[in-house]
Amino acid sequence: MLLPFVILTSLLSISLGQWMNPLYMDCGSKTGKVNSLEVVPCEGPSCTLHRGKNSTIKLGFQSNVFVQAGSVAVHGVIAHVPVPFSLDNSHICDFLTPSCPIQPNQLYMYTFSLLVHSSYPPIRLDIRWELRDDSGSDIACVQFPAQIHD
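According to mature numbering (1 follows the signal peptide of the UniProt record, and there is no 0), the sequence shown holds residues -17 to -1, 1 to 133 in order.
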């Protein structure tokens, strides 16, 4: 009697887990590939980012090239126009597990948390997050829908 409950609970967790992460597209990874994306908190295919609260992005990827010290670029895409977003720290190595240098064909997790400032306007947009190698090419690039909300 317990086995059907365990199976049902497991399947339900897997199904719901698919909707807990945003739907994303690869927006031009050239020297690597995206393996996973998680935004916390995110409760559906489009993430609601609450003003005055922290949000965290976890981006799993693999590089095809050796990277000594890469960088990060973030854009808000509004009406198909990318608007640069300045980060306090755009050094990829400061947020990477395992640490730099990045070796080819190894799995990495980039984790970055930021405060969604109260001054940000409530708006729907796409967020483009790019992890770049030493030459500025995208190792991993993801774009996902979001909404800034109170």
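Rather than coming from a laboratory, the hints here were simulated on the basis of the structure.
Keep in mind that the hints are not guaranteed to be accurate.
[To be verified] Below 20 Å or equal to it, Euclidean Cα-Cα: the simulated EDC-like pairs (lysine to aspartate or glutamate) are:
#1 36 to 9
#2 13 to 117
#3 16 to 71
#4 13 to 133
#5 16 to 133
#6 36 to 117
#7 41 to 71
#8 41 to 9
#9 36 to 26
#10 13 to 71
#11 36 to 71
#12 16 to 26
#13 41 to 26
Structure-based check of each hint:
1. 36 to 9: With a Cα-Cα distance of about 27 Å, the restraint between residue 36 and residue 9 is violated, given a limit of 20 Å.
2. 13 to 117: Given that 20 Å is the threshold and the Cα spacing comes to 13 Å, the pair holds.
3. 16 to 71: 25 Å, violated
4. 13 to 133: 36 Å, violated
5. 16 to 133: Answer violated: residue 16 to residue 133 is near 34 Å, above 20 Å.
6. 36 to 117: Between residue 36 and residue 117 the Cα gap is close to 32 Å, so the pair fails against 20 Å, i.e. violated.
7. 41 to 71: Between residue 41 and residue 71 the Cα gap is close to 17 Å, so the pair holds against 20 Å.
8. 41 to 9: At roughly 15 Å apart (the allowed maximum being 20 Å), residue 9 and residue 41 satisfy the hint.
9. 36 to 26: 15 Å, holds
10. 13 to 71: Status violated; Cα separation ~25 Å.
11. 36 to 71: 17 Å, holds
12. 16 to 26: With a Cα-Cα distance of about 25 Å, the restraint between residue 16 and residue 26 is violated, given a limit of 20 Å.
13. 41 to 26: At roughly 15 Å apart (the allowed maximum being 20 Å), residue 26 and residue 41 satisfy the hint.
Checked against the numbered hints above, the structure breaks hints 1, 3, 4, 5, 6, 10, 12 and satisfies the rest.
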